[in-house]
Every structure is written in structure tokens, then in C-alpha cells.
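Take a look at the letters that make up each chain.
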Amino acid sequence: MILEAEGLTVRYAATARPALDGVSCRVRASELVAVAGPNGSGKTTLVRALSGLVQPERGVVRVQARPLAEWGRSELARVLAVVPQREEIVFPLRVDEAVMLGRYARLGSLAAPGPVDRAAVRSALERCDADTLAARSIDSLSGGEWQRVRLARALAQEPAVLVLDEPTASLDVRHEMELLELIRRLVDQGLAGLVITHELNLAARYADRILLLSEGRVVAEGPPREVLVETTLSRVFEWPVAVTTWCDGSPQVVPLRPGERLS
Amino acid sequence: MRAALFLLPVAVGLCLLAGLAAGTVPLSPAEVWHGLWRANTSASVIVRDLRAPRVLLAFFVGGSLAVCGAALQAMIRNPLAEPYLLGLSGGAGLGAVIAIATRATGPWAVPVAAFLGALAAVALVYRLSLVAGRRLDPRVLLLSGVVVGTFAGALMSAIMVLSPAAGIRNAFLWLLGGFGSASWQSLGVFLAYAVVPLGVLGLSARSLDLLALGEEPAHHLGADVNRTRRIVYLCTALLTAASVATCGIIGFVGLVVPHAVRTVARPLHRSLLPLVFVVGGSFLVLSDVVARTVVRPLELPVGVITALVGVPLFALLLRRTLA
Chain V
0 MILEAEGLTV
10 RYAATARPAL
20 DGVSCRVRAS
30 ELVAVAGPNG
40 SGKTTLVRAL
50 SGLVQPERGV
60 VRVQARPLAE
70 WGRSELARVL
80 AVVPQREEIV
90 FPLRVDEAVM
100 LGRYARLGSL
110 AAPGPVDRAA
120 VRSALERCDA
130 DTLAARSIDS
140 LSGGEWQRVR
150 LARALAQEPA
160 VLVLDEPTAS
170 LDVRHEMELL
180 ELIRRLVDQG
190 LAGLVITHEL
200 NLAARYADRI
210 LLLSEGRVVA
220 EGPPREVLVE
230 TTLSRVFEWP
240 VAVTTWCDGS
250 PQVVPLRPGE
260 RLS
Chain C
0 MRAALFLLPV
10 AVGLCLLAGL
20 AAGTVPLSPA
30 EVWHGLWRAN
40 TSASVIVRDL
50 RAPRVLLAFF
60 VGGSLAVCGA
70 ALQAMIRNPL
80 AEPYLLGLSG
90 GAGLGAVIAI
100 ATRATGPWAV
110 PVAAFLGALA
120 AVALVYRLSL
130 VAGRRLDPRV
140 LLLSGVVVGT
150 FAGALMSAIM
160 VLSPAAGIRN
170 AFLWLLGGFG
180 SASWQSLGVF
190 LAYAVVPLGV
200 LGLSARSLDL
210 LALGEEPAHH
220 LGADVNRTRR
230 IVYLCTALLT
240 AASVATCGII
250 GFVGLVVPHA
260 VRTVARPLHR
270 SLLPLVFVVG
280 GSFLVLSDVV
290 ARTVVRPLEL
300 PVGVITALVG
310 VPLFALLLRR
320 TLA
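Protein sequences, first through last, are from chains V and C.
If you're matching positions, the first sequence starts at 0 in numbering that gives the first Met the number 0 and goes up one per residue.
If you're matching positions, the second sequence starts at 0 in numbering that gives the first Met the number 0 and goes up one per residue.
The hints are simulated quantities; they were obtained by calculation from the structure and are not laboratory data.
Heads up, the beta-carbon is just placed ideally off N, CA and C, and yes, glycines get one too.
Errors might be hidden in some of the hints.
Said to hold, decoys possible - Per the computed footprint, the stretches of chain C lying under chain V, defined by three or more beta-carbons under 8 Å from a beta-carbon of chain V, are:
#1 82 to 94
#2 178 to 186
#3 218 to 232
Said to hold, decoys possible - Heads up, incomplete: computed chain V residues facing chain C, CB under 10 Å, no partners named:
#4 Leu79
#5 Phe90
#6 Met99
#7 Ser213
#8 Val217
#9 Ala219
Unchecked claim - Ranges between beta-carbon positions, derived for each pair:
#10 V:Ala118 x C:Leu202: 25 to 35 Å
#11 V:Ala134 x C:Leu202: 23 to 33 Å
#12 V:Ala118 x C:Leu175: 27 to 37 Å
#13 V:Ala110 x C:Leu142: 35 to 45 Å
#14 V:Gln63 x C:Ser182: 57 to 67 Å
#15 C:Leu13 x V:Ala110: 51 to 61 Å
#16 V:Pro114 x C:Leu172: 50 to 60 Å
#17 C:Leu35 x V:Ala110: 31 to 41 Å
Bound conformation, chain V alone:
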């Protein structure tokens, strides 16, 4: 088990309803887990708790069977790479410089990047199909290119687990599919992957398991066909949906218009 959380409860203010309420999840090597749920269901908080950005009130996160609290900052960054949802650019770096930041956890404060680091950056850029962007400034990139560069930066960390928070939000169909194909390929090569997404239909086709959150709790967990069920989804998203099957056997969710019903 590479990444696991047990009974995580996170509360941002002492009086508020917990953002996460007893959530458990597991990700193994070569497994892609999708986390879905309505807005405000705790998906991003789960990422923040899994990476140590917020302290859970109760529960524990383990990375490679070791509790998160025992990991040093840079030590953890060598195993767990997280691509957060948004990232604003204030000081524009070059693409290769930005990806080299992924090596910092391995460089320490003094050592200059060596051939190993440069090779890791090159390979990360190639795998993300971003090697032609290397000399560009990151503030000149399109949304899809910037996402690929941020993924390359995470790969330059050479992690065992990759966590992505809505990686394909604001990407068009082609860039979305390219990115998901890439993530699936990386997972098939041995990475453990956790992806937060609103795209239920793509989650059904790419993920091995889906974790469905609602109001900070796990509502359903398992292979896509067990989780993407009409009654569950209609209740969680508070909107009637129908579930059909695509030719590859994966369940596909169709939100219904008022008065509509699947024949």
C-alpha cells in the first residue's frame, strides 16, 4: 500500500461542520483512483490532508506504511508528488527551470543540478510531450501546455504516488484526453495515482476505482460500475441521472432534463 488514509476528520474552524468526516482511502502501485463528488464535498481537503497541508483532527495518513508525521518535508516530496488545482504565476520562469524545481527536494540547498537532474527533467518533459516547450516562458503557455509542464515538474520529483487535483479542468477535449492517457500510462508503468475530477464518465473509463464523497463522507467506493449507480448519484448530486453502458463496458452517466426518463 503506497498511500492510505484512515478515518480522516478535518475541521477548518472549531465550530464548523467537518470538511472531512472519517474518510478512509487507499492507493496501490499501478492503480488509478478517482475521487468524485459535488462541490464542497471535501475533495480538495482530502488532497490537502493526504499531503500534510492540513492537520487532521482525527485519523492518520500513511505513505509507504509510515505515518505522515514521521516524514521530513523534502523526504516526502521525493515519494509523493501533488499537482494542486490552481497556480498563479508571479515571477515567470522558463519551462525547463520550472520543471527543475521538481528536483529541489533531491538537491539540497547548495548542490548545483547535475547530469542526473538534467536527465530527469528531460525525461519528464518528454513523457509529458512538453520537450519542445523547454525554452519557453511559463507565462506564454496555453492552459493545456501549462498543465503538462506542471505534471512534468511532478514527474521530475520521481515520485511513487502522484496526486492531481482536477488536472483537466479548463482543458478542451483533445488536451483533456491526452492528459488522461498520459496519466493512465504512467500508472500502468507503476505509479500510484489519485485524481480528483468532476468528469464521472472519464473517471469510469480511466480509473480502477472511484471514491465518491458527499459532505465530507465516503458515500461509495469501488470499481466504477459499483459506484456509478443511478440512485446513489441522483441522491449525492441532487439531480436525476441515468447510467448507461459504453461499448467498452464502462458505465456512463447522463444527467436528465426535468421530465426526462431513460427508456
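Place chain C on chain V using the hints.
Just chain C now, kept in the frame of chain V:
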């Protein structure tokens, strides 16, 4: 880039030479050279005892303030951050004025009081900007800095008007910023306070690169965000305090120099910080040359020059970056 690496030391050397040559008694480069190496001439007294410590102090103070600006800008991810605008200078000035008013003078006591003042200002600015919301907003932080700086300035004025302590009247002139009282001793005091924080900031260059991305990406890439923040606050408070205690409040160096350097150099701090240091140092040496030659035999406070040069330059940079 190669040419720039060669030209930079030459340019810095020329700035230092100009600093040694210019003044009430103008000296030729040859006179400066002889004054440096031959003792007991009139030139050697001017060059060695008066101008050399002054030029070196201006260089190190300018470099330190510019490095503070660069580090603060990366940390709060706002190119407007600098010791002056964040209230650090005001806090340090207030600490120093209180020390003088309570007659706790001496070359070592004033910097300590300035440091405590700067730390108090940091804490207050930080606290004020947290009131606005749960997460630290750089814009609120800057606003709080300006407010705290102004408040400290008002307290300073009140103390200076009311205090009976001898020397408090000079504090007014000293606060405007200047190297008129520079000596080998004040240079020594400044360096004693500045060397460690400069080194620590230099070692934090990688963490600053990460912090410039924002708290969340920095954390994920392995930076200890809170530790780095504490280090930057402490080091910039120390450097600002040492600068304010030895030569008063000098604004805009920390703002303009990192900006200018970023337009030509890569924004990675391992190369940016040393560059910012030498350019900031040279800028303040030249500002000091202007300050003591433009209305000879009078001297203008160097803070006036840095503001007069810095503000238009800043406006120009702002237009260029926005265009």
C-alpha cells in the same frame, strides 16, 4: 550573458571608484589610487579614513536592502514588497529613536533596539493581516505594512519633538538616511549584524524559488513553508535594523533594484540574490555620490536621492511590465 558577467565587476569597480573620488574635495583616479596605498598624504586621509568606509558601508547597506526586497518579494509573492513598504524600516527606526531618547546609545545598543522594533513591526503587520481572513493575503500584508510604517513614523516624530535627550535633534537628520557619519567602526558594526542573515538568505535561495510559486506548490515540492517564512522575516528584520541603525531609513532600494535585475536576469534566487546584492550596493554608492556632490558643499540625505531616482524608475518599469 558572458559579456555581462565580465562587465558587471568592471561596473561595480567603477561605482566604487566614483564613490572614492567624488565629494567636497574631488580627487582624480590617480589620486585615489595613491591615497589608497600611500599613507600620510592629504589624499590618503580623505580616501582611507573618510571615503573608503563610507563607500563600503553604502555598498553593503544597499546590497542588504536589495536582497531583503528580493527575499520578501518572493516570500509574499508580490513585487511591491520591500522593508520600507512592509513597515520593517519604520519599526526599526522607532526602536532606534526610543533607544536614543532613553539614552541607551552606543554603536551596539541602537541596532539591537532597531532589531526589536523591526521584529515588533513584523509581528504587528502579520497579526493585522491575519485579522482580515484565515489565509495570508499579500495585498492585505502590504497594506498593513504601510499602515504600521506610518504609525511608527508618527510615534518617532512625537518622541523626537518631546524628548529632552541630547542627540535626539540629530536623530531627525539621521532618520532621513545618510552616510555622513560612516566610519570603520560603523562599517564593522553593520557587518557584524549583516553577515549571518545575508548568508542564511543565500542558503535559502532554493526555498525562495519554491515559495515564489505559492504556499501550496512550495509545500508539495518539499519546502518547509513556515520555517522559510520565519527565516526570511528574521533575516530581513536583522538586515533592515542594522541598516537603519547605522545610516537611517533608506527606501526604494529594495523595491527598484530586484525589479530592475529581474528584467535582465533569470528569476532563480541562486543567481538573482548575488546579482541583486552587487547591483543594490552599486546603486546606493552612486546615490550617495549624487547626495554629496549635487549641492556641494551641502549634502542631501541619500534617502532623498534613492526616492527621487527610484520612484520615476519604478514608474517606468511598471509601465514596461504592464505594456
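Going down the list of hints, with the structure as the test:
1. As drawn, the region 82 to 94 of chain C meets chain V at 0 residues by the rule of a beta-carbon pair under 8 Å; below three, the given contact is violated.
2. Counting residues of the region 178 to 186 of chain C whose C-beta sits closer than 8 Å to any C-beta of chain V gives 0, which falls short of three, so the coverage hint is violated.
3. Here's how the region 218 to 232 of chain C fares: 6 of its residues keep a CB closer than 8 Å to some CB of chain V, so the rule of at least three is met and the hint holds.
4. Interface restraint check for Leu79 (chain V): the shortest CB-CB distance to chain C comes to about 8 Å, inside 10 Å, so the restraint holds.
5. Annotation: interface hint on Phe90 (chain V) holds; nearest CB of chain C at approximately 4 Å, less than 10 Å.
6. A least Cβ separation of about 9 Å between Met99 (chain V) and chain C falls short of the 10 Å threshold, and the interface hint therefore holds.
7. Interface restraint check: Ser213 (chain V) against chain C, minimum CB-CB distance 24 Å, threshold 10 Å, status violated.
8. A hinted interface residue such as Val217 (chain V) counts as satisfied when its beta carbon comes closer than 10 Å to some beta carbon of chain C; here the least separation is about 24 Å, so the hint is violated.
9. Annotation: interface hint on Ala219 (chain V) violated; nearest CB of chain C at approximately 28 Å, more than 10 Å.
10. Checked against the given bound of 25 to 35 Å, the beta carbons of Ala118 (chain V) and Leu202 (chain C), roughly 26 Å apart, stay inside it.
11. Look at Ala134 (chain V) against Leu202 (chain C): about 29 Å separates their beta carbons, and that is inside 23 to 33 Å.
12. Between Ala118 (chain V) and Leu175 (chain C) the Cβ separation comes to about 55 Å, which falls outside the hinted range of 27 to 37 Å.
13. Between Ala110 (chain V) and Leu142 (chain C) the beta carbon distance is about 39 Å. The supplied range of 35 to 45 Å therefore holds.
14. Taking the beta carbon of each, Gln63 (chain V) and Ser182 (chain C) are about 59 Å apart, inside 57 to 67 Å as hinted.
15. For Leu13 (chain C) and Ala110 (chain V), the hinted distance range of 51 to 61 Å is not satisfied, since their beta carbons lie about 34 Å from each other.
16. A hinted range of 50 to 60 Å holds for the C-beta pair Pro114 (chain V) and Leu172 (chain C), which are about 57 Å apart.
17. About 39 Å separates the C-beta atoms of Leu35 (chain C) and Ala110 (chain V), a value consistent with the hinted range of 31 to 41 Å.
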